[in-house]
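Enquirer: From first to last, the protein sequence lines are chains U and B. Everything in the first sequence is counted per this note's numbering, starting at 276 for the first residue and increasing by one. Everything in the second sequence is counted per this note's numbering, starting at 582 for the first residue and increasing by one.
Just so you know, the hints here were simulated from the structure itself, not pulled from any lab data. Idealized CB from N, CA, C, for every residue including glycine. Please note that the accuracy of each hint is not assured.
What the simulated footprint calls covered on chain U by chain B, stretch by stretch (three residues with Cβ under 8 Å from a Cβ of chain B suffice, anywhere in the stretch; the number is not a length) [what the hints assert, rightly or not]:
1. 373–383
2. 402–412
Here are the simulated DSSO-like pairs of lysine-lysine, each with C-alpha atoms no more than 27 Å apart in a straight line [said to hold, decoys possible]:
3. B:K797 <-> U:K523
4. B:K712 <-> U:K376
5. B:K755 <-> B:K712
6. B:K1174 <-> B:K797
7. B:K1174 <-> B:K1189
8. U:K600 <-> U:K658
9. B:K1116 <-> B:K1141
10. B:K1206 <-> B:K1274
11. B:K1116 <-> U:K319
12. U:K319 <-> B:K755
13. B:K634 <-> B:K797
14. B:K1271 <-> B:K1116
15. B:K1141 <-> B:K634
16. B:K712 <-> B:K753
17. B:K1116 <-> B:K1274
18. B:K1141 <-> B:K1206
19. B:K755 <-> U:K376
20. B:K733 <-> B:K755
21. U:K376 <-> B:K721
22. B:K733 <-> B:K753
23. U:K319 <-> U:K399
24. B:K753 <-> U:K376
25. U:K319 <-> B:K634
Partial chain B-side listing against chain U, Cβ under 8 Å, derived [said to hold, decoys possible]:
26. T674
27. E689
28. S716
29. L719
30. P722
31. G740
32. E744
33. G786
34. Y790
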Amino acid sequence: MMRKRLRLVFLFAGLFMLHACGQPYAPPSRSPDLQALLGHVNEKGFARATQPRAFHFPADFGPHDRYRSEWWYYTGTLRDASGRRFGFELTFFRFALSPNKPPGASPWISNQIYMADFALTDPKDRRFFAWQRFSRDALHLAGAQAQPFEVWVGDWSIRHVNERWGPANGGEGVNAPCAIEGVCTAFPWVLRAQTQTASLRLELTPRQGIVLNGERGLSQKGPAAGDASYYYSMPRLDAHGELRIEGKRFYISGEVWFDREWSTSALAANQVGWDWFALRLADGSDLMFYRLRDRNGRTDPHSAGTWVSPQGEVIHLRADEVSLKPLGFWTDPQGRRYPVRWLLRVPSLGLALEIQPWMRNQGLNLAIPYWEGAVSVTGKRGKRSERGTGYLELTGYGRR
Amino acid sequence: MRLKQGWHPSLLLVSSWRYWRRSPLQAFLAMTGIALGVAVVIAVALANASALKSFSASTQALQGSANARILADDPHGLPDSLYVRLRLHEGLTRIAPIVAGYIRIHGETLRLIGFDPFAQWALTPRLLGGKFDLSELLIKPNTVLMTPGTAKALGVSHGQSVEALVDGRSAKLKWIGTPGGDAAALRGIIFTDIATAQDLLNKAGRLSYIDVAVAKGQLARLREVLPAGTRLVSNEQRLADASKMTRAFRLNLLAMSGLALLIGAYLIYNTLIFSVIRRRPLIGLLRAQGVTRGEIIRGILAESSLLALLGAAFGVMLGVLLGHGLVRLVVRTINELYFTLSVEKVYLDPFVFVESVALALIMVLVAALPAASEAARLPPRGQGLAMKSEALWRRNEPWRLVAGFGLLGLSGIALGWPNGGLFPAFLGLFLAVIGATLWVPTGVRFGIWLLGRLSSRASIVIRLTIRNLHASLSRTGLAVMALSVALAASIGVGMMVGSFRFTLIDWLHQSLRGDIYVDADSGPGGRGLSPAFVKAISGLPSVYYVTTGRHARVSTPAGKMNLLAVGTPPGHRPAVAMETCLADCWRAFSSGKIIWISQPLANRLHLKVGSRLSLATASGPHFFKIGGIFYDYGGGTGLIMMPRTVYANYWHDSAIGSIAIYLRPKASLEDMLSSIRARASLADVAITVKPNKAIVTNALRVFDNTFEITRVLRLLLLGVAMVGLLSAWMAWHLEHQREQAILRALGMMPRGLFMLISAQSTVLGTLAGLASMPLGLGMAWALVAIINPRAFGWTLSWHNDPPLLLQAVAAAIVAAWLAALWPAWRMARTSPARALRSE
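Starting from the given sequences, assemble the full structure and let the hints guide the process.
Expert: As structure tokens, then:
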């Protein structure tokens, strides 16, 4: 999604943009902004997303080093046997500093930098944790590969394990996992992330196939040709595994939303941030929508979304088909004011949903600060009442 | 009139204030003496502290929150895979790999540090908070960071490239930005990405060390997972090692600065005694009015404390200024002797100030005690006559002699204390100085008496000169004492340095027997000379034979040591000056059964021929038998020698770092030098070719640089002593205005009076110079025979230096004469009538 891409924008061009408007960049945390240090990378020489392409699997699970940036995005809502809820985010980003690898004999030489964010939400104990790691794609310190699938930064990883598994509903429809060649055989995946405080281990298997966003996977983000990314999602991966927080163990299961996107070009200079919704409803339908905001907080016309019906039918949503209204705010300790409660309507689908965070404090005060948290959904589709869970991401909110 | 009790202190205070206001020059000179003494102590202490501080500041700037370092015993360093394993499989996240080495730019040696910014970020966020484009550093070849100060010193501007010599090859480095953090601590360091550093230093796949931040309790666990041939050293340990390594050197400096303070204390003593004598009538009056002895003592001590405090305050400021100059000298010495430091900053340590001022105050109070007790002993006015100052001085003479004798005895005990360390040795030296100076006035009196006897038939002016001197001994005796201490220090240190230099030259000639030396500019662990080059040189017709060498740093349980691995063709031996050796020394050495160690190392670790020394080899610790001890004055912490084959076997490093070329008898040195240079490209590395003579010259230049600081301190001591003499003459002048006025009234011209004073100064200077000789020689003996072996572990052979003794006498005369110039001029100018009237 563009959020990532937007994040990317912030990573590279965003800095540049801030400088361009004469505002010195002041990192919010005491440590220097490593991302800011990465500076502005020239787009020249990189491949660009200009037209729809054919997706091949498992190759397209792996990296696309010719594009400047790329991400693997995992967010999930989990429960233990007693019904206690947990939310997590584990994301991997790849940034290319140049189209080609510089020459030299040192095994440390690389033009690919990886970053990973790991966050946990524990609403029962009102706890939220966030960590970040960086590394270069060298000496197996970080990297990604298609076959067998693996993406990792240090000892945080998602990788294919050689175990037999079968899809529960394996056969038909768009959202059948094995409908696309090479997808099912790439699974199952094991997700691992650990820090001093917490560790998470999940086994992931797909319940659906691949959902292509935008025009056959080409997601246009701005007016110019090539201001676009390749973007697909797997909104429902079944997950089960083990979570340890401060020495306590929980055996958990739930659903994970997986997003893949890669691109080269940056967002337009007037796009300052985005609000991204990834919601799974109890009736089996999924809704993804991203709202790009301009400087004045207005919705950019390139905002878009994707609706997947319980039967697997995919409907693409334009900006003007979705209305969003913030209902509640949370201000982080640094003074950033995030709209964390929303009313989302899609009249064409008869959808009216209220989105409520599990906890207000799910802000990640990392190198680039943003809010990303588990949410609950209540509302109606037509006359039927709807419930669901998902993740909300809010970026580009400055201090008031 | 009866005075109320409460009046006394204020009366005392007022009289004291009046006195010092009328004698501003005396007060000023006393304070100057203290100020100079304190300044020298502070400057040396600051310079010493700064050298260590800069070590810890640079550790802080480079290691941040890391508290330990993983080092390799293998000269090639650690494999990348160790770092990867620790990060990926041992779960260490606050850990950063470093590739470090040395590079040369415009002849300057600088440190090159290659880091991984992503790993480094967790340890030293400040370092990465500088101004630079990270992506440029990561992907543009040979891009580097350095502080603006370093860049300026190298003459590089932003975005510009500079030619550098790295691992013996030249490379163009582009300056793209500055690292963040303490710029002073980062001076002289070139930072680059770890990949660039590996490529520049020809160390692809190798790390110099890994910095880690782990909880104290986890250090032991981490140690367990490290492979053989690696070591985990805590930062505290490294700082303690650096401090230990340089302790002897720093203590030597501090002791010298202590002498300055001692001379300052003589000065205060002199001034106060004089002030008491001048105030005799006043003190007698005060005593008659009911002021007690205790109050008089307290009053004098308060005066001296005030003088000391004012002097010390001035000394602190002066010391800071002086410290800036000295820190360079101290650092230069530490760099030549121990390890590379880059200090550009004087760290102002409040403890140094407090300590020095407290020390000054204590010394001044001790020096003021005799004056205070003298004052308290004065009878109240009307109850008997006060003793004349000369009488007083003489009354105390037997006590001074006895005390001097006692102090010398104590000093002998301290110096000869079996297995004594450096501290008792310095204590002994100080006691000896104080003791001997107590004898100096008596010696001077004897000298003058002798002169008086010799000149009994000389002209009136000469006799007058000598009689006057005799009468003024209470004034000038102390000044002579101070001057002779300064000169003795100068002689002692000068003789020590001279003996050292002589020993060094002798040793250089014994151990540098090759005619030409060729070094690979790639340093220890670097690529070294290609075998083809060595073969080609050995095969040249004018070459008799060639020995090969490889320098390395190896770890022992007592810290890092230098190692020299030597290779000699059959039938030849390396040039080494052996102190002791096993019977079959050379054969045992060349067959790899024994190693040789340097004398300082043997002394420091109490090792003997036959002992064993554990060295950390690339495959773990191994015990080597010591079969010989050789002389070494190369500085540092010690040198180990072994055959190159043995070294290559245990450390997996068979490279040749240098060769020594022995020419056939009639071969031309010049031709040989040019034929080596013509084959330089064959070496595969940049080389330095030096004839024997150039190396000796260079070694002596380094030596002279190292000891420049002692030269500066000697001059400072002389300065303090001159102030003392000036003060003594001024006092004497004030006391004897009447006599001088009478002389003038009797027809002596101002010029004659000037000549009189000058002549007296010359006599005193000569006597001080003569007195300083035995004192200086004694000091030199203590430095050469006791303090140097204890401090550095080396034996110096005694070298007599008669010109130095003559110089000391000449310096004494000049100093005495210069110090008398102004008083003489003032005396000559005083109107006799007014002087007589004012009496």
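Enquirer: Are the hints correct? Go through all of them and say.
Expert: Okay, the hints, checked on the actual structure:
no.	hint	verdict
1	373–383	holds (count 8)
2	402–412	holds (count 4)
3	B:K797 <-> U:K523	holds, 25 Å
4	B:K712 <-> U:K376	holds, 24 Å
5	B:K755 <-> B:K712	holds, 15 Å
6	B:K1174 <-> B:K797	violated, 41 Å
7	B:K1174 <-> B:K1189	holds, 16 Å
8	U:K600 <-> U:K658	holds, 21 Å
9	B:K1116 <-> B:K1141	violated, 32 Å
10	B:K1206 <-> B:K1274	violated, 34 Å
11	B:K1116 <-> U:K319	violated, 52 Å
12	U:K319 <-> B:K755	holds, 23 Å
13	B:K634 <-> B:K797	holds, 23 Å
14	B:K1271 <-> B:K1116	holds, 19 Å
15	B:K1141 <-> B:K634	holds, 21 Å
16	B:K712 <-> B:K753	holds, 21 Å
17	B:K1116 <-> B:K1274	holds, 24 Å
18	B:K1141 <-> B:K1206	holds, 18 Å
19	B:K755 <-> U:K376	holds, 19 Å
20	B:K733 <-> B:K755	holds, 14 Å
21	U:K376 <-> B:K721	holds, 10 Å
22	B:K733 <-> B:K753	holds, 17 Å
23	U:K319 <-> U:K399	violated, 49 Å
24	B:K753 <-> U:K376	holds, 20 Å
25	U:K319 <-> B:K634	violated, 48 Å
26	T674	holds, 7 Å
27	E689	violated, 25 Å
28	S716	holds, 4 Å
29	L719	holds, 6 Å
30	P722	holds, 6 Å
31	G740	violated, 14 Å
32	E744	violated, 19 Å
33	G786	holds, 6 Å
34	Y790	violated, 15 Å
Consistency with the previously given hints fails for numbers 6, 9, 10, 11, 23, 25, 27, 31, 32, 34, ordered from lowest to highest.
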